[in-house]
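Asks: Chain residues, written in single-letter form:
Protein chains: 2
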Amino acid sequence: MSLASVATTVGGGRSRAAGTGKIFTKSGDNYLMGMPVPDVSESDRVHVLLMEQGAIVWKPMRDSYSVTVDSPKKEKKFNGLKSFIAYQLTPSFNNIPVARRYKHFDWLHERLVEKFCLIPIPPLPDKQISGRYDEEFVEHRRVQLQEFVDWMCRHPVLSTCGVWMHFLTCTDEKKWKTGKRTAEKDPLVGTMFCASVFPPEKTLLQSLVEPQVDAATQFVPQMDTAVKTLFAICGDQSKKFQQQWKKEYQRIGEGFSEMARALAVDERRAATQISLASSVGQAAGVFINIGQLFGEQPKHDFIPFSDRLHIYRGLLAAWPDTLGEYRNAVQKRKECERLTAEQKMENGQLQEVNRRVDVMSYALLAEMSHFREERDTHLKDTIRNFIGAQIDFYKSIVQKLEQAQTHF
Amino acid sequence: MSLASVATTVGGGRSRAAGTGKIFTKSGDNYLMGMPVPDVSESDRVHVLLMEQGAIVWKPMRDSYSVTVDSPKKEKKFNGLKSFIAYQLTPSFNNIPVARRYKHFDWLHERLVEKFCLIPIPPLPDKQISGRYDEEFVEHRRVQLQEFVDWMCRHPVLSTCGVWMHFLTCTDEKKWKTGKRTAEKDPLVGTMFCASVFPPEKTLLQSLVEPQVDAATQFVPQMDTAVKTLFAICGDQSKKFQQQWKKEYQRIGEGFSEMARALAVDERRAATQISLASSVGQAAGVFINIGQLFGEQPKHDFIPFSDRLHIYRGLLAAWPDTLGEYRNAVQKRKECERLTAEQKMENGQLQEVNRRVDVMSYALLAEMSHFREERDTHLKDTIRNFIGAQIDFYKSIVQKLEQAQTHF
Numbered sequence: 001m002s003l004a005s006v007a008t009t010v011g012g013g014r015s016r017a018a019g020t021g022k023i024f025t026k027s028g029d030n031y032l033m034g035m036p037v038p039d040v041s042e043s044d045r046v047h048v049l050l051m052e053q054g055a056i057v058w059k060p061m062r063d064s065y066s067v068t069v070d071s072p073k074k075e076k077k078f079n080g081l082k083s084f085i086a087y088q089l090t091p092s093f094n095n096i097p098v099a100r101r102y103k104h105f106d107w108l109h110e111r112l113v114e115k116f117c118l119i120p121i122p123p124l125p126d127k128q129i130s131g132r133y134d135e136e137f138v139e140h141r142r143v144q145l146q147e148f149v150d151w152m153c154r155h156p157v158l159s160t161c162g163v164w165m166h167f168l169t170c171t172d173e174k175k176w177k178t179g180k181r182t183a184e185k186d187p188l189v190g191t192m193f194c195a196s197v198f199p200p201e202k203t204l205l206q207s208l209v210e211p212q213v214d215a216a217t218q219f220v221p222q223m224d225t226a227v228k229t230l231f232a233i234c235g236d237q238s239k240k241f242q243q244q245w246k247k248e249y250q251r252i253g254e255g256f257s258e259m260a261r262a263l264a265v266d267e268r269r270a271a272t273q274i275s276l277a278s279s280v281g282q283a284a285g286v287f288i289n290i291g292q293l294f295g296e297q298p299k300h301d302f303i304p305f306s307d308r309l310h311i312y313r314g315l316l317a318a319w320p321d322t323l324g325e326y327r328n329a330v331q332k333r334k335e336c337e338r339l340t341a342e343q344k345m346e347n348g349q350l351q352e353v354n355r356r357v358d359v360m361s362y363a364l365l366a367e368m369s370h371f372r373e374e375r376d377t378h379l380k381d382t383i384r385n386f387i388g389a390q391i392d393f394y395k396s397i398v399q400k401l402e403q404a405q406t407h408f
Numbered sequence: 001m002s003l004a005s006v007a008t009t010v011g012g013g014r015s016r017a018a019g020t021g022k023i024f025t026k027s028g029d030n031y032l033m034g035m036p037v038p039d040v041s042e043s044d045r046v047h048v049l050l051m052e053q054g055a056i057v058w059k060p061m062r063d064s065y066s067v068t069v070d071s072p073k074k075e076k077k078f079n080g081l082k083s084f085i086a087y088q089l090t091p092s093f094n095n096i097p098v099a100r101r102y103k104h105f106d107w108l109h110e111r112l113v114e115k116f117c118l119i120p121i122p123p124l125p126d127k128q129i130s131g132r133y134d135e136e137f138v139e140h141r142r143v144q145l146q147e148f149v150d151w152m153c154r155h156p157v158l159s160t161c162g163v164w165m166h167f168l169t170c171t172d173e174k175k176w177k178t179g180k181r182t183a184e185k186d187p188l189v190g191t192m193f194c195a196s197v198f199p200p201e202k203t204l205l206q207s208l209v210e211p212q213v214d215a216a217t218q219f220v221p222q223m224d225t226a227v228k229t230l231f232a233i234c235g236d237q238s239k240k241f242q243q244q245w246k247k248e249y250q251r252i253g254e255g256f257s258e259m260a261r262a263l264a265v266d267e268r269r270a271a272t273q274i275s276l277a278s279s280v281g282q283a284a285g286v287f288i289n290i291g292q293l294f295g296e297q298p299k300h301d302f303i304p305f306s307d308r309l310h311i312y313r314g315l316l317a318a319w320p321d322t323l324g325e326y327r328n329a330v331q332k333r334k335e336c337e338r339l340t341a342e343q344k345m346e347n348g349q350l351q352e353v354n355r356r357v358d359v360m361s362y363a364l365l366a367e368m369s370h371f372r373e374e375r376d377t378h379l380k381d382t383i384r385n386f387i388g389a390q391i392d393f394y395k396s397i398v399q400k401l402e403q404a405q406t407h408f
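Residue numbers (this note's numbering), protein chains in the order written: chain A, 1 to 408; chain B, 1 to 408.
Derived from the structure by calculation, the hints contain no laboratory data. Be a bit skeptical, because a hint or two may be false.
No copy labels: a pair is met if it fits in one copy or bridges any two.
[As the list claims (entries may be wrong)] Dumping the calculated PhoX-like pairs for lysine-lysine here, alpha-carbon to alpha-carbon at most 25 Å:
(1) K228 x K247
(2) K175 x K73
(3) K103 x K175
(4) K299 x K239
(5) K246 x K299
(6) K185 x K395
(7) K246 x K395
(8) K127 x K228
(9) K127 x K82
(10) K180 x K246
Extracted from the complex, chain A is given alone in its bound form (with noise of 0.2 Å):
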C-alpha cells in the first residue's frame, strides 16, 4: 500500500479537524503523506534552528531591511478613463522604489496565505468600496499596509521569499507577469511548504511539542477576544472623541463665551481695571480649544493603536488553522501507528510520517517563538506608544488649562 493511498484511508483526520470548525483548503495532506517532493533550490530552503536552552527558532535574517510605503498618488490609465491610488514600496536594500495597488497587495497576500499553512500572515487594511479617494482614507490605508509591511519585513521566513521580494522588486512590466505566473504555479503551497524547511535533525518529543500547542490553543481565543474588545473600544472612542468629546468641550467654550458676552455689556458702563469678560473670554476660547484637540486626539492614539490590533486581530484569526494542521498531523500518525501495528504500512514508511509530523513541528515551534517574540516587543510598544499619545495628550490639556488660568 502506497503512502498516497492510505492519505486517502486515513482522511478522517481532516474531517476530525473540520469538527474543530476550521477547514483546510489548502493542499491538504500531500506532504504528510508522502507525496513526492519537488526539489528546493537553496534560496528557497527554510531552516529552523535549535538554540541552546532548547528554544526552537527560525534561522535568523541574514540581512534585516525595511521598506517604507510613501505618500500615494493618484495615477491614470485608459487615457485617464481610469484611475487608482498607486502606493510608493521602497526597499531600504535597493533604494529602488515601486509603485503598487491594493489590487497587488489583495493579490500577493492570496499567495501568502496559499503557501505558508504553518506561518499566519499578517492582514491586509479593509477593502471598501466608496471614498476610495478621499484623502484622509488613503493616508490611513497607507499606514496600515505600512504595518502589515513592517510586520512581513521583520519576518525571518515571509520577508525573504520569492513571491514578496517579486513583489518588493519587480519594476518590469513583463517580468512582473512572468512573475505572477511562477508565483501562481508555486509546488510548494499549503503542507507542501514543509519540503522547504530544513529542521534540526534531532527527534522531537511530543511531550515537548503538545503543552506548547495546548498552551497555544487556549491563548489564541482568549487573546482574540481581548484584541477584538479593544478593536472595537478604540473604534468607539475614535468617534465619541472627534464628535462627543470635542463637542462637549466646545459647548463648555461656547458657556463661557455667552457669559463673557454678557459681562461686556455691562463693563462697558463700569470703571472696571480688570476685566472679566476678557478673562472669561480668554477661558472660553482655552475650552473651544481643548475641544479641538479632543477630536484631533484619535488619529495619535486610538487610531494608530486599532491599526496595530487590526494585524493581531488578523494573526489571531489565521492562528486556528495554523494549530489545526498540526493537530492533523498528529492525528494522522496515529492512524499510521494504527497500521503499522496492523502491519498494514510498513515500519520505514511510518518513519517517514514520523519525520514529516517532526518537521512541521519545528515549523510550527519557530513560528510559535516568533510570534511570541513579536508579541513581547511589538505590542508592547504598541501600548507604549498608545499610552504615550495618552499622556502627551492629557499634558496638552493641563497646559491649556494653566494657560486660561493665569487670566483668573
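Starting from the known structure of chain A, fit chain B onto it as the hints suggest.
Replies: Then chain B, alone, in the frame of chain A:
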C-alpha cells in the same frame, strides 16, 4: 390731593412693569407715594456712600465675619416619630452654634425676599422631596447652604439685618418665636425698606442712573442665559463623568485586563523573562483607576461650579424685579411731574417724590456696585477654582498614565 391717593391714580406704572412679565408682590408703591414712614432705629439704618471717583456703594461692613455650616445630624422629635436634619451654624463673632433646619432657612429666605425689594437675595438649594436623608444629599445641601450663608455674610446690608441676626444667634426657643413674629410684622418691607436707606445728600442726575440701569437690563438676561447654559452643562457633564466616561475608561481597563489574562496563559509555557502579561495587567489597573477618577471628578469641579452658578441663577432671576421697581418709580415720577404741570399736585409733594426716587436710585446703584464687585471677585474665584480642579484632574491622569508607562 394727598400722595396716597395719587398712588391709586398713577397705579398704571405697576401694570406697565407687569407688562415686562414681572409682578410686584411686595408692598407696592406705598413708599414712593408718601406713606408715612415709621421711625427707623440706628441699627436698622442702611447707608449709601458716594465715593471719590463717583462710585455709589453700600457703607462697608464695620466687622466682617463668617458663618460655618457644619455637618448636620439627623434629629428626632415627638419621641422619635418625626426625624429631621438640623444643620449647625456657627458665626465667627460669637462662636455659639445654632441648629437650623431647611424649613428655617426657607422661612428666613421668605422674609429677606419680602423685605429687600432692591436687593436680590441669593437662592436656597432646591427643595427635594425624596432621598432627603441620603448622606450624599445632606452633605451636598450643606455645601449649598454654606454658599448661601457666605453670600449673606459678604453683603453689607444683608449681613447686618435683624432677621438674619436673629436667625444666626437665637438659641432660646421662646425668643425665637417672638423674633419670628417681629420679623413677620416688620413694617419696613418692600419699597418701604427704602425708608431705612440713608443716601448721600447730593441729588442724583437721571443721566447718571439711566445708562447703568439700561446696561443692567441688557446684561441680566444675557448673563442669565449664560449661567443657565453653564449650569446645564455642569449637570450634564457631572452625570457623564460619573457614568459614561467612568465606564468607558474602565472598559479600556477591562480590555487590557482580558489581554493580560490571555498573555498569562501563554507565558506559563514560555521562558520569557519580561512578563508582558504583568505589564498589561498594570496598565489595566491604571485605566480602571482613571475610570474611578472620572467618576469622582465632578465633586471637585462641575458640582462646586454648579453650586456657585446656582447662586447666580437665583440672583439673576431676582434682578428683573429689582430693576422693575426702579423703572416703576421713574414712571411714577413722570406722572407726578405731569400732575404738577397740570397743577393737580403741589410742587413740594413732587420734590418729596423726587427725593424718594433718588433714595431708591441710590440703593439700586449701591446694590449694582456690590453685585459687580462680587462678580469680579467671587465669580472669578469660582472659575479659577473650576479650572484649577480640572488641572489637578488631568495632571493626576497624566501621573497615572506615567505610572503605567514605566511597565513598558
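Asks: Which of the numbered hints are not met once you compare them with the structure shown?
Replies: Failing hints, ascending: 6 and 10.
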